[in-house]
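Put chain B on the given structure of chain A with help from the hints.
There are 2 protein chains.
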Amino acid sequence: MQSFVQENPTRIWFGEGQIKQLQQELGSAGKRVLLVYGGGSIKANGVYKAVKEQLEHRQAEVFELSGVEPNPRLTTVNKGIEICRDKQIELILAVGGGSVIDCVKAISAGAYYEGDFWDIVTRQAVPTRAIPFGTVLTLAATGSEMNNISVITHWERNEKRGWSSRLAYPKFSILDPTYTHSVPMDQTVYGIVDMMSHVLEQYFHRTSNTTMIDRFMESVLLTVIEAAPMLLADLHNTDFRAAVMYAGTTAFNGLLSSGTDGGDWASHQIEHGLSAIYDIPHGGGLAILFPNWMQHCAEDDPSRMTKLAVNVFGIDSAGKTDYEIASEGILALRNFWNSLGAPSKLGDYGIDASRFDELVEKSFMKDKVGQYKIMTRETVKDILMRSLS
Amino acid sequence: MQSFVQENPTRIWFGEGQIKQLQQELGSAGKRVLLVYGGGSIKANGVYKAVKEQLEHRQAEVFELSGVEPNPRLTTVNKGIEICRDKQIELILAVGGGSVIDCVKAISAGAYYEGDFWDIVTRQAVPTRAIPFGTVLTLAATGSEMNNISVITHWERNEKRGWSSRLAYPKFSILDPTYTHSVPMDQTVYGIVDMMSHVLEQYFHRTSNTTMIDRFMESVLLTVIEAAPMLLADLHNTDFRAAVMYAGTTAFNGLLSSGTDGGDWASHQIEHGLSAIYDIPHGGGLAILFPNWMQHCAEDDPSRMTKLAVNVFGIDSAGKTDYEIASEGILALRNFWNSLGAPSKLGDYGIDASRFDELVEKSFMKDKVGQYKIMTRETVKDILMRSLS
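So the sequence lines, in the order shown, correspond to chains A and B.
Residues in the first sequence are numbered from 206 upward in steps of one, following this note's numbering.
Residues in the second sequence are numbered from 206 upward in steps of one, following this note's numbering.
If we strip away everything but chain A, and leave its shape as in the complex, we get (with noise of 0.2 Å):
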């Protein structure tokens, strides 16, 4: 194990009805907030009229912002922030999913940031104070209802990058496994080969003795392989979207790290740059280059993947070479995901090499590249060629 730091401030409200929590949270009565959502979906489903009602109730005055990208935009990270300082926002409140808590995260932050928020994504700049906000969560997928961690989008430079900040832990999060329901089943799906790229990320780190946690990774793949094929056949069913929503906080709140080097990353590194590009969905671009990230690692040291093949996907390890274990384990992964309905080749999406050179740099938005192997351009346009088809 290395030496670590585990905390966690969010306060997580779990189970059905808990939006009423929501009432303790906002504390005494009139309150400015914020309240920040996606598309109109929330408005369909009740959960934009559940919220309204608990706010109402506290007599909040309540300002909003709609509209946030599934790759959310620095463009409307910017019109939050002009929202928070005209209206002297004092909690921001975001209903939807991951896109919609990054842009959160980004406006709590930008509004006291003088200059540019882009300053501040890639780290020219480093927040100092924010302004409180909850979730509450409408799709399980990224963790970022429990992690401080944002990804945000600049359209015009396509350009998508992550930044982080102790700032940027939500104060609470509300999780309705039913708020989940209407979900439909695309989303569900990238949500799931979401969470488990998270969990995979981690579990492809270099650092010895940390059984436990490595037995917690499996745990999550485990619970998740096993849950996801009958919450696919059954979209309404609470106790499977429970066991999803809770697998995809945990697969990603900072504890599948603890004690160690902190995972690879090179996949979604080089996803960042074919969203950034092709404005695909996050979920489809990891089920297309994950496998191939794996299966270009496991021909130089294929212990980790071996693990996984044996512990995970249950493979029969007898008479065969670890590369031919690792093997098996990462086609069980592509044919679990293909099972789920999720794209395997970048043609699914209409996507060939004629951009691969651009995509190659966007990929090395930051100076290192993965950790369990280190990337080169070489290698990244190699696991691009690997996935075209």
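To be clear, the hints were calculated from the coordinates, so they are not data collected in a lab.
Since the model is a prediction, treat every value here as computed from it, not as a measurement.
Among the hints, erroneous ones may be present.
You can't tell identical chains apart in this list, so a pair holds if it fits in one copy or across any two.
Under the rule of at most 25 Å between Cα atoms (straight-line distance), these lysine to aspartate or glutamate pairs were calculated in the DMTMM-like manner [what the hints assert, rightly or not]: (1) K512 <-> E423; (2) K376 <-> E230; (3) K525 <-> D506; (4) K376 <-> E212; (5) K225 <-> D466; (6) K236 <-> E287; (7) K376 <-> E269; (8) K248 <-> D439; (9) K512 <-> E431; (10) K257 <-> E230; (11) K512 <-> D444; (12) K512 <-> E533; (13) K236 <-> E212; (14) K225 <-> E287; (15) K586 <-> E504; (16) K573 <-> E361; (17) K550 <-> D466; (18) K578 <-> E269.
Relative to the frame of chain A, chain B by itself:
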């Protein structure tokens, strides 16, 4: 899953040399600090010196309370409360194991309570304010370093009772596995039994759809079962100390009850009665009682014991009844604890049946004993009888 709240405000600094973080936690210079510890072991092993160096570096004004008992007593809590009031203590620092930390939790809340602190332990009063405190852990066992639970003994009344409060979380805890290198064999074993018992108590719940958390619990048990024999053969091994230390903290920091009914805890209630009368080590009492509680319960409903037997002890279930599988698992647990040198019968402590009636009454300090199976005075006595030899 049941509805639940997940929050834990304690900051954990884990790893060799993390004592240096004490400076950051102390903040600006000049704090009035009460240093609380048990016997002289922290002076012999260098931990006392390391802590004092950090405190001196910040020009803290340090007062001391030493001699906290293995089952910390109300009289000692009262001594600490008096010092806090007398010296206007601003931060309390527990340096030791669960007993010292539990004592500090009581001092911290008791300093602001005008009445007898036993009122709080017996839930006649609720703490409303507490002096902030941190811990430097020197024994992996109770998990008190990351939870809000404290167990105090009223020695004159032979009563040992737990209390908890949202104010009783440590602000920070420093977990340096090398600080546990000098813990002797028997204390190390009791700690291992204690942390495993915490997981087992939580494992014996009756909530459905808890697969991820069930797997987490199995992961903690598997990790301890794997590490313990290696650690006992090599007490100064930092990797094994680290694995056991982190498992002990995770075993009882709230996470493993997320979404469940909280588990059973009858064995703990009975053990509190036992060690209130006989002052035996908590881990020793649990090693004797827990398998007998399991066997007693398995006779009615072996379901969870069967799951444990298969998933943790690798019992082959082919051709066996659930009760047979459960019984083999219980025997495997007892054999494992025996192999570490833990006691297996009350006779090992020279305890006979002469005070069983009194002991049964002590177990009923709370109205309800047990949850997986609600205990009566008769069933508690049955477990004690099974534990005699």
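Flag every earlier hint the structure violates by its number, smallest first. Of the numbered hints given earlier, those the structure breaks are 14, 17 and 18, listed in rising order.
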